[in-house]
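**Q** As you go down the protein sequences, you meet chains A and B in turn. Here the first sequence is numbered in this note's numbering, starting from 699 and rising by one per residue. Here the second sequence is numbered in this note's numbering, starting from 112 and rising by one per residue.
Derived from the structure by calculation, the hints contain no laboratory data. Be aware that a few hints might be false.
Listed next, the stretches of chain A that the computed footprint assigns to chain B, with coverage defined by at least 3 CB atoms under 8 Å from CB atoms of chain B [claimed, not checked]:
(1) 751-764
(2) 767-775
From the derived model, a few chain A residues whose C-beta atoms are all more than 12 Å from chain B [to be verified]:
(3) Arg702
(4) Gln705
(5) Val715
(6) Arg733
(7) Ile778
(8) Glu784
(9) Glu791
Glycine included, every Cβ here is placed at the ideal spot set by N, Cα and C.
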Amino acid sequence: MRYRPGQLVRVRDAPSVGHVRTPSYVKGKAGRVERVHGVFGNPESLSYGGDGLPGQPLYLVRFEQREVWSGYAGSADDTIYVDVYEHWLLPAENAAHFPGIGLSHRFARWPRKMLRIFRGGWLAPSLCSGVK
Amino acid sequence: MARPVHDRGGWPTSEPIDTSEHPLADWELLADALQQSLVRNRVMTVDEFRRGIESMPLQAYEAAGYYERWLYSLERILVEKGVIAPGEIDRKLAELAG
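Chain B extracted, bound-state conformation (with noise of 0.2 Å):
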């Protein structure tokens, strides 16, 4: 059986994993800031949010940073609990492009 995307750990090679830092954005801070009042307000539970993350895609988990993965579980929560509707992101940021 395939492993989980996240299931890390001498896997999918026994390579050191690059733990190096950057500064924080301030869509990251964001980011952050919209999880932790998700779950202290019991929109979601935190294991929703991380089952969101482990449900990407193995190319797509690859290429999103750590932000981008929370991103990604955020909207799939969201959507799933009807919080917000499908596509609903997408449209208001074409909107406020446009």
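One chain only, chain A, in its complex shape (with noise of 0.2 Å):
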């Protein structure tokens, strides 16, 4: 199991060939690991008659829906939760690519007095909108 609960994500920006269960709509699309569903045999393989083998965990991710379509014109809060199998996902520790989730997740392991001196000095305080 590579990933965590509560971890930030990516999903691989690769074309579907074959019998693929991640939508096109989220590929390349950060978002955080919600739950494990568990391990399963891979789809890919058992669609065509193979034995599924490796299994493959299956996490459940929650997307925030303005990451997922542009211009999006709901609330920000809205989110949308899609099954993806781990060899879709890759880790998405580079903050810099979605500052909406990445930089709070970074900082929330940061100490809260740090984060204080970054908020009123040169980070502007935009940029740590995700601290509390």
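The two chains are supplied separately, each in an independent frame; assemble them into the complex guided by the hints.
**A** What follows is the structure, given as structure tokens:
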């Protein structure tokens, strides 16, 4: 099991060849692991009569709607949950690509005092908006 | 690369999809029962069945209803596995009609 609940992941941006359960609209998008469903036979192999091995962990991943749809007009709090198999996920630690979720995630591990210094100093307050 | 026909969500348009329900016809209930029995008896996997639906040509997929897609896939997978012969269902239908 490569990922844990709460971890930031990004869906691989690769074409769907054969039977692929990953919907195209989340490819290349960053989300957060909500839950691990368990390990299942790989449908990309099972669908062609294969044995489905090695089994693939399946994750419930939460995406922000505005991350998934460019120009999304709904609430900034709207989310969508999608089941994604592990081999379609990459770690998404590069916060620079995902300012909305990445920065607060990275800063969450920093001591509070240091964050207060940054917030009042050279980092724009908007960049620390995820920190409470 | 072209998307598989079933890979919806913002494609081919971002218009809302029609989610209205309709009463099920007898043949639709039978199609459902057939699919479940084939999976439970390990004649085919649900993954093979889904792949069969996704292999439909775009125009046929668009024109078909939900359970019509199921029938398409069931026939295709059963032919693939040699359970029925190609054209066997059509021949039987013609026989019954004649």
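**Q** Hints broken by the structure, by number, lowest first?
**A** Structure breaks hints 1, 2, 5, 7.
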